[in-house]
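Enquirer: Here are the chains, one letter per residue:
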Amino acid sequence: MTGADILFKSLIKEKVDTIFGYPGGATIPLHDKLKDYPQIRHILPRNEQGAAMAADAYFRVTGRPGVCLSTSGPGATNLLTGIANAYMDSVGMVAITCQVASPFVGTDAFQEVDIIGMTQPIVKHSYFVDNINDLPRIIKEAFYLASTGRPRPVHIDIPVDLFKTEVNKFNYPKKISLSGYKLPKKISSKQINKACSLIRKSARPVILAGHGVIISRASEELKKLVESVQIPTMTTLLGIGAISEKHSLNFGMLGMHGMAWANYAVHNADLIIGIGIRFDDRITGKIEEFAREANVIHIDIDSAEIGKNTLVDVPILGDCKEALEKINKKNIKKSHKEWIGKIRQWKSKTDLNLIKTEVRLKKSKTLMAQDIIEEIDRQTKGKATIVNDVGQNQMWSAQHFKYTKPGQLLSSGGLGCMGYSLPASIGAKFGDPKADVWAIMGDGGLQMNIQELGTIMEHKLPIKIIVLNNGYLGMVRQWQELFFDKNYATTKLTNPKFYKVAKAYEIESYRIRTFKDMKEKISRAVKANGPIFLEFIIGSEDNVLPMLPPGNKLGDTIVKR
Amino acid sequence: MSVENQQIVIIKAENKPGVLSKISSLCRRRRYNIKSLTAGTTHIKNISQVTLIFSENEDRMENIVNQIDKIVEVVSIKLVESKDIIDKELVLLVVKDDKIADKILKNGIHNVSARVINTVGKCFVLEIVGEGREVDHILGDLDFEKDVVKMARSGLVALEL
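Chains as they are written, first to last, in my numbering: chain A, 1 to 561; chain B, 1001 to 1161.
To be clear, the hints were calculated from the coordinates, so they are not data collected in a lab. It should be emphasised that the depicted structure is a prediction, and the values quoted were computed from it without experimental measurement. Each hint should be verified, as a subset may be incorrect.
Per label pair, the in silico range of CB-to-CB distance [to be verified]: (1) 311(A) with 1046(B): 38 to 48 Å; (2) 117(A) with 1084(B): 31 to 41 Å; (3) 492(A) with 1154(B): 52 to 62 Å.
Chain A residues, not near chain B, derived (Cβ > 10 Å throughout) [claimed, not checked]: (4) 102; (5) 124; (6) 181; (7) 187; (8) 504.
Positions of the beta carbon are idealized from the N, C-alpha and C atoms, including for glycine.
The whole structure should be built from the sequences, with the hints applied where relevant.
Expert: Take a look at the structure:
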């Protein structure tokens, strides 16, 4: 038995069934043993970044840490963007990099980089393995750290010679001893009482639900609270699905491209209950004006998030689900008819259907992304799993699909990482083969990881690839239009015919320009058993609205071009 | 640097490679100014203490304390007040002549212990030990351009009482 066996045996102990990995000089002895472990499926992306992003999505659909693996040097640095993405979005991941052989570490050997130093600010913890006998303990700790508390990536760097080291026996530890790792203790009932008294007193409360609600699987408890206290609820981008968007008290996404009425409501609220969110700048708007008239209750598992961006009146440190259960036990019954009526009134004036034509230039007759997303919603009966990219496509697909379940939207929120959708859709499909995965991206994001079409081709993954092609890096163009006097510096793309690229990968593909064709091809995609690639030519200068211009308060959200 | 916005943090951490680098790079990344950082062993096996002095206002401290606390090797962290600790700092100082050395050795105001540990030609090598604040005062009385040849400070080490 060698060190390579120790790694695979340890991973199996952690119930790992899938590794997204890429070989290289420093992984050969490891990959050499792969054939002995049929329990582990090894998926080869076409760039290590794809491995990290697929592992990220694997966590988001299964709740279990995704595993990615790379060789030393460039293989490891290619993982970085995906690891940073997971870190920002509280995604559990175990990233394994192989390193040059121990005697060469620190000598600037071929394909050596200080990857531990590079991942340090974007991981929860990292390990450099000196001795193969430490590896089982390290793997156990890594999975524990990645999946408990606030999930985040953990990095393990292993010199290649360790894989060849002969080992007599494999002992997997039962216990974990991490004296410095602090998980939140039981939630303080004093804080719960304080929160409940604010809830009882408030006339205009709102709940802001974030990714934490989904991670802690607290949707049921959230719904219970929302209904019994009749609190209007908004979600962050990553909180979408925490409560069904068909629920009458869910007023949709808030923030920079959130619903105008949601932003107005938060601006006018007298109580903001943030649950599993981090009051990021994209949802608070101008921070000095945020929650000016409101008390703030903040429930989060990470003490460093509480009070980081906004003043908090009642901090509740702990798991969202546990906190919500405790609040629900207090059995508060209220109604806020007037307040909810007010928000509905704002909604009736700024509904997405009303402002739909505002987003496009008057003379434009091209397909609209909004219609495409709504058509996907209709034809999949709202059951699709959407994996979007970053930019306009991300906001349109967040706004125009009615999400009803946690984990139904996978999105690169905190890092805003173009190129996410294609590799993440692969990770989502492997993690949850039954999910109907639709990857939605722009022409920019497609090209950031277009090579993953190869992975989709290899495994004949029935992923629906939707490209919203406007020939621009659309979100940046939108900012240039609005704030830089239409100086479209470097944002116009010279593109190939993408559907032909997809054809070269033996993926059924179409380029679509008309409304009728759009409906037909989406219907084709719904029925497709293999991958399908739909390239929609949309208005080159369509915008995303509503929009909160940067530096403004939530109340200043605009709905006109 | 006024003493008012000097914040003292005492960290107990597992004695493992990379912990200091994690603490210091976290402070850099979140833009906290470190005035002094010292580290050494404690009476507990495998536990080291880091004494960290920030030049920051108190209202910024809660977040960095919480952030550092999340480092897995950090067992405990505490923002302390000067009244709850004893602190000491060591200064090695080379001054130009006996007159300057005398001024330091015979000062009656600041409570430090100072002694001559060597001479190099006409220069005197002094060892000064005292509370951080007292050491600051005694160094504050010197004219670094005229009086001092070399100086090195150990940084503050603090012990919570």
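Enquirer: If a hint holds in the structure, say so; if it doesn't, say that too.
Expert: Cross-check of the supplied hints:
1. 311(A) with 1046(B): 38 to 48 Å: The hinted range 38 to 48 Å holds for residue 311(A) and residue 1046(B), with Cβ atoms some 39 Å apart.
2. 117(A) with 1084(B): 31 to 41 Å: Distance hint for residue 117(A), residue 1084(B) holds at roughly 36 Å.
3. 492(A) with 1154(B): 52 to 62 Å: holds (59 Å)
4. 102: holds (15 Å)
5. 124: violated (7 Å)
6. 181: Violated: least Cβ distance 5 Å, not greater than 10 Å.
7. 187: holds (17 Å)
8. 504: holds (43 Å)
Checked against the numbered hints given earlier, this structure breaks hints 5 and 6; the rest are met.
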